[in-house]
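Position chains B and C relative to chain A; hints supplied.
Chains as they are written, first to last, in our numbering: chain A, 7 to 147; chain B, 7 to 147; chain C, 7 to 147.
Think of the hints as simulated: they come from the structure by calculation, not from any bench.
Check the hints yourself; a few may be wrong.
To be verified - Result set (EDC-like, lysine to aspartate or glutamate): computed pairs, CA atoms no more than 20 Å apart in a straight line:
#	chain 1	residue 1	chain 2	residue 2
1	A	Lys46	C	Asp58
2	C	Lys42	C	Glu53
3	A	Lys46	C	Glu73
4	B	Lys42	A	Asp58
5	B	Lys42	B	Asp58
6	B	Lys46	A	Glu14
7	B	Lys42	A	Glu117
8	C	Lys41	C	Glu53
9	A	Lys46	C	Glu14
10	B	Lys46	A	Glu54
11	A	Lys46	C	Glu53
12	C	Lys41	B	Glu117
13	C	Lys46	B	Glu53
14	C	Lys46	C	Asp58
15	B	Lys46	A	Glu73
16	C	Lys109	B	Glu54
17	C	Lys46	B	Glu14
18	B	Lys41	B	Glu53
19	C	Lys42	B	Glu117
20	B	Lys41	A	Glu117
21	A	Lys109	A	Glu54
22	C	Lys41	B	Glu54
23	A	Lys41	C	Glu117
24	C	Lys109	C	Glu73
25	B	Lys41	B	Glu54
26	A	Lys42	A	Asp58
27	C	Lys42	C	Asp58
28	B	Lys42	B	Glu54
29	A	Lys41	A	Asp58
30	A	Lys42	C	Glu117
31	B	Lys41	A	Glu14
32	C	Lys46	B	Glu54
33	A	Lys46	C	Glu117
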Amino acid sequence: MGVSIPSEFGYVVFTGTASAFVLMYKAINVGMARKKYGIKYPKMYSEENGGDNMFNCIQRAHQNSLENYPQFLWVLFTGGLAHPVVASIAGWIYMAGRIAFAKGYYTGNPENRRWGSFGYIGMFTLIGCSVHSGLRMLGIA
Amino acid sequence: MGVSIPSEFGYVVFTGTASAFVLMYKAINVGMARKKYGIKYPKMYSEENGGDNMFNCIQRAHQNSLENYPQFLWVLFTGGLAHPVVASIAGWIYMAGRIAFAKGYYTGNPENRRWGSFGYIGMFTLIGCSVHSGLRMLGIA
Amino acid sequence: MGVSIPSEFGYVVFTGTASAFVLMYKAINVGMARKKYGIKYPKMYSEENGGDNMFNCIQRAHQNSLENYPQFLWVLFTGGLAHPVVASIAGWIYMAGRIAFAKGYYTGNPENRRWGSFGYIGMFTLIGCSVHSGLRMLGIA
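Next up, chain A with everything else stripped away, as it sits in the complex (with noise of 0.2 Å):
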């Protein structure tokens, strides 16, 4: 006896395979950013004169982006066991959630991060899919 992968799991693989473009997209505008504002490799961040906000947030918004990335993928995956179509659309928030969170941040003011705390909605439904796929492996739930 075992749990086999639901048919419907190819929308969780887009799901996933779809974030990949996202954190792609925060990549080349750090790119860019690094172009119009001088930033040269290997430099992280903007230093000089106590560092240039625009630049720096445009850098942040993808790192954080990416202190978050493999926990979503993490239960996007397991979630998607037991949850598959609950699971895509958890993940669709989540990555919207993550746009807007850069989209704000690339205004220049921190605070405006805050556009895409939505997506904690995402996050937290694909959470509570991951535990009741594990629940239902053990036959609990």
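Quick look at chains B and C alone, frame taken from chain A:
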């Protein structure tokens, strides 16, 4: 023919999802330290006057965990396909090691991050589980 | 009805676990460079006198790999469900690209990181495998 996900994989799902909370704990500590030491977004590290050592230790404890996190989730998942119970226990040892690593780093003396070195026992066990899982899939072991 | 993990997925397991050692190789290089250039924990980059370019190149080579790593594991896994052998070969091409990227960066001239550009062949192949895997699960392809 193929490999199915065992029922006990539910423990693996819980372990991986719990690890997201270990990282959240470290991220929250960084957020609190930002307030305490007055390090505003989008600044990543304290730089003025050589940088505040304590803040930077708290920041590095989080960042170092991130540097090892995708690998952990990979060997947890793939090792857990063949050995769900062993992989889960190893995962909890690894997480305990990551918490001890952070507690050591939070003393302000980077040498104390070695408090978490026992976490390698968990990591090496997971690598072993993963390799055995791959061999078993191929019918070699 | 559902999707099962093919026996050849064992190759995918090995490929992903091998990639952890590629990152470990880069992390060890950072550790050795810390000693050579006297960059103590918790400092992330060399900053004094504009920063030591060589140390920062070695640090960035590791960090850049981390920025692309969760995505790689996702497409390797999901693409490998449908095309385990192709995905594994693509994974090794990608890893070789990441090593060449680092070797180029280690010259101290960030432009030479392009030595690893052929790794994109592996990445794009994996994205294709992943999309096809999703379509096949849904019964579309």
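Status of the hints after comparison with the structure:
{"no.": "1", "hint": "A:Lys46 to C:Asp58", "in the structure": "13 Å, holds"}
{"no.": "2", "hint": "C:Lys42 to C:Glu53", "in the structure": "15 Å, holds"}
{"no.": "3", "hint": "A:Lys46 to C:Glu73", "in the structure": "18 Å, holds"}
{"no.": "4", "hint": "B:Lys42 to A:Asp58", "in the structure": "23 Å, violated"}
{"no.": "5", "hint": "B:Lys42 to B:Asp58", "in the structure": "11 Å, holds"}
{"no.": "6", "hint": "B:Lys46 to A:Glu14", "in the structure": "44 Å, violated"}
{"no.": "7", "hint": "B:Lys42 to A:Glu117", "in the structure": "18 Å, holds"}
{"no.": "8", "hint": "C:Lys41 to C:Glu53", "in the structure": "16 Å, holds"}
{"no.": "9", "hint": "A:Lys46 to C:Glu14", "in the structure": "44 Å, violated"}
{"no.": "10", "hint": "B:Lys46 to A:Glu54", "in the structure": "17 Å, holds"}
{"no.": "11", "hint": "A:Lys46 to C:Glu53", "in the structure": "14 Å, holds"}
{"no.": "12", "hint": "C:Lys41 to B:Glu117", "in the structure": "14 Å, holds"}
{"no.": "13", "hint": "C:Lys46 to B:Glu53", "in the structure": "14 Å, holds"}
{"no.": "14", "hint": "C:Lys46 to C:Asp58", "in the structure": "13 Å, holds"}
{"no.": "15", "hint": "B:Lys46 to A:Glu73", "in the structure": "18 Å, holds"}
{"no.": "16", "hint": "C:Lys109 to B:Glu54", "in the structure": "33 Å, violated"}
{"no.": "17", "hint": "C:Lys46 to B:Glu14", "in the structure": "44 Å, violated"}
{"no.": "18", "hint": "B:Lys41 to B:Glu53", "in the structure": "16 Å, holds"}
{"no.": "19", "hint": "C:Lys42 to B:Glu117", "in the structure": "18 Å, holds"}
{"no.": "20", "hint": "B:Lys41 to A:Glu117", "in the structure": "14 Å, holds"}
{"no.": "21", "hint": "A:Lys109 to A:Glu54", "in the structure": "25 Å, violated"}
{"no.": "22", "hint": "C:Lys41 to B:Glu54", "in the structure": "23 Å, violated"}
{"no.": "23", "hint": "A:Lys41 to C:Glu117", "in the structure": "14 Å, holds"}
{"no.": "24", "hint": "C:Lys109 to C:Glu73", "in the structure": "17 Å, holds"}
{"no.": "25", "hint": "B:Lys41 to B:Glu54", "in the structure": "16 Å, holds"}
{"no.": "26", "hint": "A:Lys42 to A:Asp58", "in the structure": "11 Å, holds"}
{"no.": "27", "hint": "C:Lys42 to C:Asp58", "in the structure": "11 Å, holds"}
{"no.": "28", "hint": "B:Lys42 to B:Glu54", "in the structure": "15 Å, holds"}
{"no.": "29", "hint": "A:Lys41 to A:Asp58", "in the structure": "13 Å, holds"}
{"no.": "30", "hint": "A:Lys42 to C:Glu117", "in the structure": "18 Å, holds"}
{"no.": "31", "hint": "B:Lys41 to A:Glu14", "in the structure": "45 Å, violated"}
{"no.": "32", "hint": "C:Lys46 to B:Glu54", "in the structure": "17 Å, holds"}
{"no.": "33", "hint": "A:Lys46 to C:Glu117", "in the structure": "10 Å, holds"}
Consistency note: the structure conflicts with the earlier hints numbered 4, 6, 9, 16, 17, 21, 22 and 31.
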